[in-house]
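> Sequence:
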Amino acid sequence: MSRARFVAAGVFSGFLLLFVLSTTGRAQVQPSPVASPSPAAATAPSASASPAARAPRASASPAASAPSASASPAANTSSKGPAVNAQQAAQSNNANAPTQLPDVSITATRIAQPISQIGNTVTIISAQQIDDQKIQQTSDALREVPGVQVTQSGGPGTITDVSIRGSSTSQVVTLLDGVEVNTGGSGSFDFSNLTTDDTNRIEVIRGAGGSLYGSSAIGGVINQITEEGTGDPKFSLLSDGGNWETQRQVATASGAIGKLGYSGSVSYFSTGGFQPVNSQYDNLSLNSRLDYHLTDATTLRMFARYIGADVGLPEFSNDDPGSPLDPTAHQRTEIMLFKGEVEHHFGEKLLVRVNGSFVRDEIRINKTPSTAIPLGESDDIPDEIRATNAEAIYTWMQGFSTLAGFDFKDRWGRDGDSSIYAPGMQPVVTVFHAERQEYAGYVQQQVSLFHDHLLGTGGFRVDGNSQFGKEVSSAWSVAIPFQKYGTTLRGSYSEGFQAPTFDELYYPGFGNPHLKATTSSEYDGSVEQKFSEIGSLTLTYFSRRIHELVADQLCTISPTCPYGALPANIGRADMQGLEVVPSVGPFKGFSLSGNFTVLDSTHSPLISGLQPVRVPKRAAAAVAEYKRSDIIRDGDQFVAVLVYQFVGDRNDLQTVPPYGYENNPAYQLFNLTLSYKLGDLAVPHLNHEEAFVRIQNLFDRRYDQALGFPSPPISFEAGVKVGFAP
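First residue of the sequence shown: 0, per numbering that gives the first Met the number 0; consecutive thereafter.
For the record, the hints were derived by calculation from the structure and aren't laboratory data. Treat each hint with caution, since some may be false.
Okay, derived cross-link-like pairs now, DMTMM-like style, lysine to aspartate or glutamate, Cα gap no bigger than 20 Å in a straight line [as the list claims (entries may be wrong)]:
(1) Lys626 to Asp679
(2) Lys626 to Glu532
(3) Lys483 to Glu532
(4) Lys720 to Glu688
(5) Lys587 to Glu624
(6) Lys233 to Glu689
(7) Lys626 to Glu527
(8) Lys258 to Asp295
(9) Lys483 to Asp451
(10) Lys616 to Asp573
(11) Lys616 to Glu661
Restraint-style ranges between C-beta atoms, simulated for each label pair [what the hints assert, rightly or not]:
(12) Val471 to Glu661: 37 to 47 Å
(13) Thr370 to Leu538: 52 to 62 Å
(14) Gly659 to Arg700: 17 to 27 Å
(15) Gly455 to Gly485: 44 to 54 Å
(16) Val471 to Asp379: 35 to 45 Å
(17) Pro657 to Phe530: 52 to 62 Å
(18) Ile713 to Pro426: 38 to 48 Å
(19) Arg701 to Thr370: 44 to 54 Å
(20) Lys258 to Phe357: 19 to 29 Å
(21) His432 to Phe698: 45 to 55 Å
Ideal Cβ positions, reconstructed from N, Cα and C, are used throughout, including at glycine.
Using the sequences and the accompanying hints, generate a full structural model.
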């Protein structure tokens, strides 16, 4: 049995253990008393192919878009704390009525705080929002966040990039339960296989977060947090199916036994895809979390996650003019994540936590020669991160807290490529590996003045690594609430930096070991106005400047420049924009929310061919939701959600020679979800019986998110979800 399958079996066994526990006890776990925050690019829907394979294709190239990056110390966001648990309790007690408790973020400052008290720009995607829309993929949930752009290169399972406010995908730090998962080779994370199973919430920081998260946080931070098990045992099964032979099965279990809280899920998704050949995709995902409250002051936590996915790549060879869909290319991805954490309260003022984590992300690409396409390629690209974090929070008095922490990462990656470029030729083999140690210390101070009328946060972080020396990143933010008028003013300044990736530094024939780190600074200001219970309106202006931009610089093909380009620190990039976020309701069960983003990007000096790609100047999203209860019987509920998405014109790269720039036209989509849920105990031993239908691309629009990679036409899924009460 391979190591990956052994790990998957272990996680699955752990999930079965959770189910056994859920059927043997009903004790309540008390939550922890203090919250624990716990060369040009690849266009084929593969994640991190060699620069040789990537150079002629068209993905979010660091050359064409913005800087690319390495990764950074992970955040510690493993526990929700009493504020969030109270919020969840209110939601579960009255699922039909909107909770009036504030959203709480533990990613923005690493200390659990209501968003109203934070000067940073933060969006929280709740479990309720995910459930109402029956969102399966994390990337689909992120499409509704202001300033966030999601680009998928084809059908389900193909490479999915996420950028924030015009950043490159490698400038966004992605965390799973506070553990960073950006790879060292490309500096980014592929969202194509990440599901929303057993998710409590997704937190998105829009804007640089270098003072807490280090390298790659130039654009922002995304943290997906697993549900914490509390209360009586709960178990559920979801099953659905749709066109293209699509099916999905999800099982979840959560609850508490004495001092132990447990939560876990296992899901399997498969589809034949919408392309006529080689479009199939399957995904097995397992996730588990344990919280053991050793004493009132000490909590032990464990997280484990496994993802195994396989996808066909019909457009893998579309950089060859006239090539048909590729019948043999496919990609296998395996991700393993483990995290252990200890949290202890030394009295009422001091909280200390220490954690360690391990992440392995391995991609295997295989394209065998065929009659139509006689070329071949085989890639094996493993990436590992071993990390530890220790931090302390000291509360001097109410409204006055100090956070200090230390991060260490050992990052390792290897890229092995064997390619056949012409029929009958011997394979060209390229193999390299790299390793880097990263360490950082950070300090943050929070203050509340004038009876909570002025809330400020300031801090800095010093990063160092075995290749680039030191980088210092500072940040401050302020929130000024005028509660009497329902108005909140926010302002922030933040710095970030980005270490070059392993590919940019060391890939044979392409890497440039003399690259310097990219640096950034960003200003952010917003006004939020609430109109009693009617709704709210938020206006946010941001401006980001990036220095030492890493981009591909053209060169004459020669033994020292075999791919016609080399990465270099080129010039400066400026990005500025406006985010408008209105919401109305709920009013008689109806609510409407949305966002509109205007973005402008310039480069200095104006280098020919250096333009941002896949960054629309205008983008929008809107969600109209209707909820009604007690329709047929007491406690039942009907939910209808219509989601609108608009992505404006944007520059993209052609997939065939001369690989120039081309306008990718704007597109707009509608997605519809309808669900009906029976009241509790409508059937003995069952609860939350629910039937639903989800239709994506309702009006069957034809469009490319990434130029040259057609996006799916209309698709639908229908299914049922049943909860069991042991």
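> If a hint holds in the structure, say so; if it does not, say that too.
Here is what the structure says about each hint:
1. For the proposed pair Lys626 and Asp679, the alpha carbon gap of about 17 Å is at most 20 Å, so the pair holds.
2. For the suggested pair Lys626 and Glu532, the alpha carbons sit about 17 Å apart, so the restraint of at most 20 Å is met.
3. The straight-line distance between the Cα atoms of Lys483 and Glu532 is roughly 14 Å, inside the 20 Å bound, and the hint therefore holds.
4. The hinted pair formed by Lys720 and Glu688 meets the criterion: a straight-line CA distance of about 6 Å does not exceed 20 Å.
5. Proximity of Lys587 to Glu624 is assessed by CA-CA distance (about 11 Å); at most 20 Å being required, the pair is judged to hold.
6. Under the criterion of a C-alpha separation no larger than 20 Å, the hint pairing Lys233 with Glu689 is consistent with the structure, at around 15 Å.
7. A distance of roughly 26 Å separates the Cα atoms of Lys626 and Glu527; the hinted pair therefore is violated under the 20 Å criterion.
8. Distance restraint check for Lys258 and Asp295: the Cα-Cα separation of roughly 10 Å lies within the 20 Å cut-off, and the hinted pair is therefore satisfied.
9. Taken as a hint, the Lys483 and Asp451 pair is honoured in the structure, with Cα atoms around 13 Å apart against an allowance of 20 Å.
10. For the proposed pair Lys616 and Asp573, the alpha carbon gap of about 14 Å is at most 20 Å, so the pair holds.
11. A C-alpha spacing of about 15 Å is found between Lys616 and Glu661, which places the hinted pair at or below 20 Å, so the restraint holds.
12. Under the hint 37 to 47 Å, the C-beta atoms of Val471 and Glu661, about 41 Å apart, fit the expected range.
13. In this structure, Thr370 and Leu538 meet the distance hint of 52 to 62 Å, their C-beta atoms being roughly 58 Å apart.
14. Checked against the hint of 17 to 27 Å, the C-beta distance between Gly659 and Arg700 comes to roughly 26 Å, which is consistent with it.
15. At roughly 21 Å, the beta carbons of Gly455 and Gly485 sit outside the given window of 44 to 54 Å.
16. For the pair Val471 and Asp379, the beta carbons lie near 37 Å from each other, so the given range of 35 to 45 Å is met.
17. Taking 52 to 62 Å as the suggested C-beta distance range, the pair Pro657 and Phe530 conforms, at roughly 53 Å.
18. Here the CB-CB span from Ile713 to Pro426 is close to 42 Å, well matched to the stated 38 to 48 Å.
19. Look at Arg701 against Thr370: about 29 Å separates their beta carbons, and that is not inside 44 to 54 Å.
20. Checked against the given bound of 19 to 29 Å, the beta carbons of Lys258 and Phe357, roughly 26 Å apart, stay inside it.
21. Checked against the hint of 45 to 55 Å, the C-beta distance between His432 and Phe698 comes to roughly 48 Å, which is consistent with it.
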